[in-house]
Amino acid sequence: MQNKGILKTLFFTGITIFLFYTLWIDNIFKKETKEYSIPEKYKEIIRDHKSAIKGRQLFLQNCSGCHSVIYDNVYHSFAYTNEAFQKYRKEYRGLLPRDLYYAVFFKEFEGLKKAFGRIPPDLSTIYLARDEAYLFNFILNPQKVMEGTPMPPIMIGREEEVAKIVAYLRHVALPPEEEEKKRNIMGILMISYFIITGLLIFIKRYRIIKNER
Amino acid sequence: MFEKIIDWIDERTHIKNILRENFVEYKVPKGLTFPYVFGVLSLVTMFFQFVSGILLSMYYEPSIHEAFDSVNFLIMKKVNFGWFFRHVHAAGANFFMALIYLHMATAIYYNAYKRPRELTWIVGCIIYLLMITTALTGYILPWGQLSYWGGVVTPEIPGSIPGGIGEIIATWMKGGYRLGDLALGRLFAFHAILLPMLLTIMVIIHLILIRRIGVTDPSGFERKKEEKIPFHPYVSLKELGVIMWFLALFTYFVFFKMDKFLPKENFEPADFMKTPSHIAPEWYLLPFFQVFRSIPDKFLGFIAFNLIILLLFLLPFLDFSAVKSARNRPAFFVMYIILIISFTALTILGTLDPTPTNAKLGLFFTFTLFAFFISLPIISIVECKRMNLEREECKTKEF
Amino acid sequence: MEATRRDFLDYLIGGSILAGIGGFTYPIIKSLAPSKEELKTAVVRVNIKDLETFGVKVVSWKGKPVLVLKLPENFEWKGDLKTEDNIKVLKDKRIFALIGICTHLGCIPLWRPKGDADFNEPHLHCPCHGGIYTPYGDVVAGPPPASLPIPPQKIEGNMLVIG
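Chains as they are written, first to last, in the working numbering: chain X, 3 to 215; chain C, 6 to 404; chain U, 1065 to 1227.
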């Protein structure tokens, strides 16, 4: 009888953990093929928060003709000479609403749409939406990754600069470095707090039961 | 001083009595097993959902132009701890659903839906439906690619009702032919006001019913009050301790493992001209999704998964014999394991690509899932026969 | 011995749960407080190099309108005053900032450098109920009960730093 109980417990615990492990941590049934890779050297550049500063300059030089990073106040290069834009930008200190931005530059965006088929997307959250290796390879040679994409291959053979641009996109999408550290410490503190408090409560309960016997 | 204030309040509200009645004089059976804590854990998670939800709703803007940026810029970057509340809310939604499923599985195992707890079970099922609706509406609000296409695809499911009715329902759900500002405002009101209100009312009714009638004895025999133990301090301390350890696990996900709760694709603003490469519902709908997908005919699939929900409500009447707890019912225990395995299998199949083998497996587990429900009246009849009791007697026998 | 140990455990659990509640409310309160962006606007720098004599610049500081005024070297207020708080502080200053919220009912006073029909001296005139202030912000006439408040300020080279 005792053995049966243990078996039951094992079965139900096992199947619960199995289900949620598959759903929330790693789906072992679904083989995710890694299609793209980055050389180790460039990975380090991307991870380095310092290369983001250079990446921003490179972005302004090479990409801001078509793409914006509105979360970092980087708009299309045609925007900066517009008076109405300058005024709105000051009024909306944090972020210029997208619809307003598109309305101010309606003519320019229509031009981009005509040239590329669609408005090139804003890249504020692109690092979170795609993985690093995909971005690196895509910027390096768009046609190789996505055939028929309207993005022109302007960065061919400039791996280091591409890595810096990816580093910049990463910097914009993720919280700042010191903030990240603070969050990790906060997380560890909270987890240990809950574990210790839980332990104290169980000790208390154990004592109550022992005293009554 | 403090004592005096308490006394003053007590004189007017009898708060001490209420607390004593509900915590000390409230007796629970001895030997409650671990799964009994899933109920209180989901209550705790609901509390965290409410707090984080209120804070998020302060900054969220239900407009198709602003929604994405209000979530990903204002909340994630500008507001102090906005990221924390978003993470808690997103992870909390998943944990809440998980706990509800575990809670239901526990209730089914110990036959907690049987007389006199039928209403507790039915109210619980209503809570489950409200939860699913809340989760679905909340999923659309951040207005990323997955949100938008989730919002587009969901109304298609009732859209499979033939005769033009489905189309009317689908249009009505979307608030127009295209999912737009109207729908978003409506969904926000549902998600933030109407559904939580209904949910709160239902949860209160659920709790009152539990306090009035008490929890099921895991052994399946209703014991007298003298044989039971007071809720406080034995069970309350255990639950508090488990809550703490549960929160430790929850915090781990909130801080270090959010990639499944905030999926990559949803960090791209909604684009109504471009469908994401693979879209599947959130995991808690996958069993229904898989049932819907495995059955070749769309309308039949729609009926099948609605039937599952209906059968869930009817569980106390399908399984009518008075024998309780899977411990005393070997046949039920076997069927229960089949239920758990088919549920798990359907969920996991739902995450995979729809190959022909997967569809066949899906169909097989759909049948086993229905087999569980169909077997219940048969098991009940056999049990009544064995005890040599008439149907009515068998329903009301006390153990 | 047993009893004291149990008491100690109770205090430990109680304290730890209190700490938990405190820890939980901290992010809530913090999230309601102004963000870092917002705090940056609590210090405003005004370029005073191109400010003309009798000129005014209106800036926003902590969401309030602030008037930056420049008076000539030999300026002196002649006449009666109803309140005298500001002149004591600002007498020697030629460039200073005042919070432009009328102490009567919160309108924004207008700067009249050459005076107007009613009052022939440079003054601040509140259009709502006709309150009149000296350029230093003291009340001359009208309903306002007190002088205009002075924000914390200091001059750093060509900049007037408010806040």
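Simulated from the structure, these hints should not be mistaken for laboratory data. Note that the structure is a prediction, hence the values are computed from the model and not measured. Glycine included, C-beta positions come from ideal geometry on N, C-alpha and C. Any given hint could turn out to be false.
Simulated restraints on C-beta separations [unchecked claim]:
#, chain 1, residue 1, chain 2, residue 2, range
1, U, D1074, C, M6, 38 to 46 Å
2, C, I14, U, K1218, 49 to 57 Å
3, U, K1152, X, Y82, 53 to 61 Å
4, X, D133, C, L316, 38 to 46 Å
Capping the alpha-carbon separation at 20 Å, the derived lysine-lysine pairs in PhoX-like fashion look like this [unchecked claim]:
#, chain 1, residue 1, chain 2, residue 2
5, X, K92, U, K1157
6, U, K1152, U, K1113
7, C, K32, C, K230
8, X, K33, C, K230
9, C, K35, X, K206
The hints, checked one at a time:
no. : hint                        : verdict
1   : D1074/U - M6/C: 38 to 46 Å  : violated, 21 Å
2   : I14/C - K1218/U: 49 to 57 Å : holds, 53 Å
3   : K1152/U - Y82/X: 53 to 61 Å : violated, 48 Å
4   : D133/X - L316/C: 38 to 46 Å : holds, 42 Å
5   : K92/X - K1157/U             : violated, 31 Å
6   : K1152/U - K1113/U           : violated, 25 Å
7   : K32/C - K230/C              : holds, 7 Å
8   : K33/X - K230/C              : violated, 55 Å
9   : K35/C - K206/X              : holds, 19 Å
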